[in-house]
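Asker: The residues making up each chain are set out below.
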Amino acid sequence: MSKTARVFVTLKRGVLDPQGSAVARSLHSLGYSEVEDVRLGKYIEVKLREGAALADERKRIDEMCKKLLANTVIEDYEIQL
Amino acid sequence: MKIGIVTFPGSNCDHDVYHVVQHVLGADARYVWHKDRLPAGLDAVILPGGFSYGDYLRCGALARFSPVMEDVVGFAKGGGPVLGICNGFQILCEAGLLPGVLMRNASLKFVCQDVTVEVQGEETPVTSGLRGQKLRIPVAHAEGNYSADAETLDRLEGEGRVVFRYVGGAPQGAARDIAGIAGGPRLNVVGLMPHPERASEPVLGNTDGRKLFESLLRSAA
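Chains A and B supply the protein sequences, listed in that same order.
Each step along the first sequence adds one to the number in numbering that gives the first Met the number 0, with nothing skipped, and position 9 is 8.
Each step along the second sequence adds one to the number in numbering that gives the first Met the number 0, with nothing skipped, and position 202 is 201.
Please keep in mind that the hints were generated in silico from the structure rather than gathered at the bench.
If you're wondering where the values come from, they're calculated on a predicted model, not measured in any experiment.
Please note that a few of the clues may not be correct.
What the hints assert, rightly or not - Quick list of in silico lysine-lysine cross-link-like pairs, DSBU-like style, CA-CA up to 35 Å:
| id | chain 1 | residue 1 | chain 2 | residue 2 |
| --- | --- | --- | --- | --- |
| 1 | B | 34 | A | 11 |
| 2 | A | 11 | B | 76 |
| 3 | A | 41 | B | 76 |
| 4 | A | 46 | A | 2 |
| 5 | A | 46 | B | 1 |
| 6 | A | 41 | A | 2 |
| 7 | A | 66 | B | 34 |
| 8 | A | 58 | A | 41 |
| 9 | B | 34 | A | 65 |
| 10 | A | 2 | B | 76 |
| 11 | B | 108 | A | 11 |
| 12 | A | 65 | B | 108 |
Said to hold, decoys possible - Derived Cβ-Cβ restraints for the label pairs, each shown as a range:
| id | chain 1 | residue 1 | chain 2 | residue 2 | range |
| --- | --- | --- | --- | --- | --- |
| 13 | A | 30 | B | 34 | 39 to 45 Å |
| 14 | A | 20 | B | 148 | 18 to 24 Å |
| 15 | A | 14 | B | 130 | 30 to 36 Å |
| 16 | A | 3 | B | 203 | 47 to 53 Å |
| 17 | A | 30 | B | 36 | 35 to 41 Å |
The C-beta atom is built at its ideal place from N, Cα and C for all residues, glycine as well.
Hey, can you work out the whole structure from these sequences and the hints?
Answerer: Structure follows, in structure tokens:
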């Protein structure tokens, strides 16, 4: 069975997120006054080839994140395998 | 004088840059397709503006892995002059040739307008003899909000590597009003958001941008 790694890329805390702020303002204008803040990120599914269950797959996904999927200057990432 | 202009899928200012280098300034401009290697004997390389790879994932993130970039990085590390304009600047940051990142404009709006930038800092191949000049050059981008951690910004300022700064405030929220920076072993790598190729001929109403290309040709001579 093939496996899918789920990668969440989010802006680091402290990095301004104007898109998130715009969404928060829209939610406020819809009456959701309980919303304090919204941060936008990316959700990436990486489907691994069947039978490619490498012993170091987490390490390799981590590498993919560092090299391409996230820009670690401004983004954090989290991997779910 | 041979200037390589790299075309990525989605580049859209490569012809404008070619026109300025080849026809306005009379140098030898060469297109380099992103899947090819850099030809031998180039005096400088320009990464033009546009939307390489449709800006997928992040601006410049995919272009940096184009085959030609291996040569561009080698050329830059060897001291060869490299100029990245707009998307080219974003690619240089993603490739690690320049620090920081160009984020989404704080306004979330595409900015397309003439801006005034002051040439500052150390001399680079693109700014030789221009320090202190205020140049009117257009910007056109949605991701030009330069960002880096405070330590990096302090280092850039301390080393005179902020070479273009918006006068009267950045139109998109860029940290410390930074419009362009320099890096590389001899400050030979320069990235800037404004488009000098769009302000290089009298018929366009403005020739301020031409000064950067003239400097590049002088430096490469």
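Asker: Find the hints from earlier in the document that the structure breaks and name them by number, from lowest to highest.
Answerer: Failing hints, ascending: 5, 10, 13, 17.
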